[in-house]
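Student: Since the structure of chain A is already known, use the hints to place chains B and C on it.
Protein chains in written order, with the numbering used here: chain A, 1 to 432; chain B, 1 to 304; chain C, 1 to 276.
A hint or two may mislead.
Stretches of chain B that chain A covers, calculated by requiring three or more beta carbons in the stretch to come under 8 Å of a beta carbon on chain A [claimed, not checked]:
(1) 93-100
(2) 105-111
(3) 119-126
(4) 156-167
(5) 173-183
(6) 201-215
(7) 280-289
Calculated from the model, a selection of chain A residues having no Cβ within reach of chain C, i.e. all distances over 10 Å [claimed, not checked]:
(8) Trp173
(9) His255
(10) Ile306
It is worth saying that the hints were derived from the structure and are not from the lab.
Note that this is a predicted model, so its numbers are computed, not measured.
Yeah, the Cβ is synthetic: ideal placement off N, Cα and C, and Gly gets one too.
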Amino acid sequence: MTLAERLRDAVMAAVVGALLALPLLGFETVDTGGPLGIRTRFDWIAYAAGIVFVGRLVLLGFLDWYRSRQGRPEPLQSSAPARRDVLTRLGSKADKYLMPALIAFAIIMPMLPFANRTVVDLGTVVLIYVMLGWGLNIVVGLAGLLDLGYVAFYAVGAYSYALLSLHFGFGFWESLPLAGLFAATFGMILGFPVLRLRGDYLAIVTLGFGEIIRIVLLNWTEVTRGSNGISGIQRPSFFGFPFSADPPDGTTAFHQLFGLEYASIHRIIFLYYVILVLALITNFFTMRIRKLPVGRAWEALREDEIACKALGINPTNTKLTAFAIGAMFGGFAGAFFATRQGFISPESFSFIESAVILAIVVLGGMGSQAGIVLAAAFLTLLPEVAREFSLFRMLTFGAAMVLIMIWRPQGLLAHREPTIRLAERPQTGGAA
Amino acid sequence: MEYFLQQLINGVTLGAVYALIAIGYTMVYGIIGMINFAHGEIYMIGAFIAVISFSVLGLVGLTWVPLALLIVLIVSMLLTGLYGWTVERIAYRPLRGSFRLAPLISAIGMSIFLQNYVQIAQGARIKPLQPMIRGGIELMSGETFSVTLSYLQIIIIVLTVLLMAAFSWLIASTSLGRAQRACEQDRTMAALLGVNVDRTISLTFVLGAFLAAVAGLMTTLYYGVVDFYIGFLAGLKAFTAAVLGGIGSLPGAMLGGLLIGLIEAFWAAYFSSEYKDVAAFSILVIVLIFRPTGLLGRPEVEKV
Amino acid sequence: MSDRGSVTPLLRVEHLTMRFGGLVAVNDVSFDAMPHEITAIIGPNGAGKTTVFNCLAGFYRPTVGRLLLTNAAGEFQLERMYGNEIAGKARVARTFQNIRLFPKMTVLENLIVAQHNKLMRASGYTFLGLFGWKGYRKAEAEAVDLARYWLEQTNLTEVADEQAGSLPYGGQRRLEIARAMCTEPALLCLDEPAAGLNPRESADLNRLPRFIRDKHDCGVLLIEHDMSVVMQISDHIIVLDYGRKIADGTPEEIRNDPAVIRAYLGEPDADEAGAA
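Next comes chain A alone, as it looks inside the complex (with noise of 0.2 Å):
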């Protein structure tokens, strides 16, 4: 495009911009306590179409330059194996190289000078993220199968635990397998069903499960306390040594077993390495199923179902197992946020978590586990670290979200490490 078609372009972006913002940001309603108030704002229509033309215009240039400098297509059948592009080499150094040294940052950043109790704390969230887009990445990543209603399996987890502290009075380490359990039934009954559906139609269904999951948390009163949620939820002990300043008599206080002053800090650097433990757990998880068979039928099974079919594989055991294994891992994750909290409701288990979990996983880049690290503690850090901007956090998300799938529908540092190669098998001399 030569500069004056790119200039008209531009501008008939930008008018396009100017209507599309006339309505919403031109005007604003202003809550007068009565009728709605009317203000008008135009110079925000000017700014939104200001920012179209040079948007505009930049996009045109860059795409431009980088067709120019394409230059002539690769024949299509080349006897040299395909290059991977920069990303996916990009992908498969962080997780071979990051990954390892995000790790021991991780393991040792509780003890940094740094580290107070609040940073402690934001760690542990970021891990929770970390653990759910991991979790969820056994099932979107690895299988394929596109889940909006991951955050049921979060909520199962949490009020099994909450439930269970508050009936019977579990403790976290009691409870957090039998977590994990009604997690992994409660998606293999799901699952069930609606695993033979196509993959936009399954989305659908588990956002609608979600949906429904939450609607009962906040109306079936009778167990789940609706809307004012259950707190008291029992706290983790280290072991049986409860992490308190005034410990009942006989029992030794956590401080005491090891001859601390009582720091309140204590508890919050156990849960950090509770979480932290968990979230390698599902990563480690994740490395070794892949090697196993059901790991690379999943695979095979996001590549090809038919073909997949025509093996002798069954496709709904195998999905099933892949939703089922994702589930208890969600329904872990979920027991660990009731335990740190004290305190659940449904609020936290709506549909946008769903959303930003999936997010996570797809702009981190399927099967990249580096990238869900990144994006987990983009999505977790950035509003924390720049006040204004976390107004704007779900708005750039969804932004995001229709940027990557435009530029690099993977995910940004997705690649594929193969699970087995011929090179590294000596042959142990037992042909067929």
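Tutor: For chains B and C alone, coordinates are given in the frame of chain A:
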């Protein structure tokens, strides 16, 4: 008996609104095979534009209701149509060759973006509007309850029926309708035969947005309040309606809308109003599991 | 020609009819495919060949008919089985006309996935495998050996660790066959294996079905348009036209069968009658 009839009227009115939104879902699905997750937000934007337009008209002193309604209707349809067009251009057209779930994820992102855009631009509180069309006809009166058919309800139902008829005519008899049906069946061939596929698809989105704008206007008048979250709920229910009727089928969307409206009204009246949304979502789940092609839809056969 | 009377057919198709609404795609077709033979199904376009295949593989449920497969494990009525059971229990493998590989997985991984069921059992349905159980590791090594064997037979050893989707077309076709063989089938169904190949590649490809027939306890059923391939490698040919079987015999018999010639070349026109 009177209570039943009143719920019937309410249900039909509600169903009309859902049907209008459902047509948008079903047309887009028919032509490019994707679920326009952001369509609910388009409806919400239509409602907001209606509210703002009414307020602006109030500000400049134009309060004669029929004229105000007409102006708001046109303005709202045009601007909402533009939103629908823009969303397709930005978030879906670049993804036409991409893998199957890419447009859906993009649509989710767009939905989140639009919801928050309106929330930031207009604040998170609900926006009230003065009731404009008051009064109605009393049809029947029993001992404790009288059945009223309000003028607004009449307008909604009549307008919806007219729009449906116009739409059906459009699809069946005009060249746009033919182009659309051609694209639905075989996009490549349609293009080879000279149909401007891009324009046909854009028009489909715009028409869907027009209807959503009308639905938004109706909602504004009927309930008197809007907030940035109505799109999500109404969108899911309208999508349920489209699926129930048979996704891809225009009469299916109308039928589905009507059914969902009735089910919701009766459920809220006779069982519980907290769980009325669960009723709608459960129907969605059940239909998709047991009869994904819906009531009037055609089954798809996948070529091996 | 083998003595059909005494050997149990590998596959017996009896009165297979497939109706799609008003369209009858396959009309009362019956034939036998013997073990250790290559049976070809040929016919003009639209004759119903792929429909027969899809019925065999479980993609369509036949409107009428019986599909009896007899292998070492017993008898299986394919028309009553699900697609993955047909592959897993009855041991019927197939390739696809439009090549359905797992493009982002490597060549080797494609072959390992084919051995899924036996590896699943060996891994204790994942549980034992998770903890590194020795039995699973041994089973996986054996699976790799089987894969290696077929890689060698199909000339794909060099590219074992490449992405399947990056192979040239001929390589992808060979990979599909290798993958099908890794399921250790009793019947291999090839859906137009020579489609899109040049003559040299086709000739190359002829070797594989014959190798499979001779050296492995596996019958081959194939659909093909390329007559040179069909005539060269088939032991037994079935000809379909408009959904009906019009001929059934050896290549020699089929070559000279007037019904077949008519189906392919049509009736001679009145003024061509002299020339035909």
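Student: If you test the structure against every hint from before, which numbers come out violated?
Tutor: The structure conflicts with hints 4, 5, 6, 10, although it agrees with all the remaining ones.
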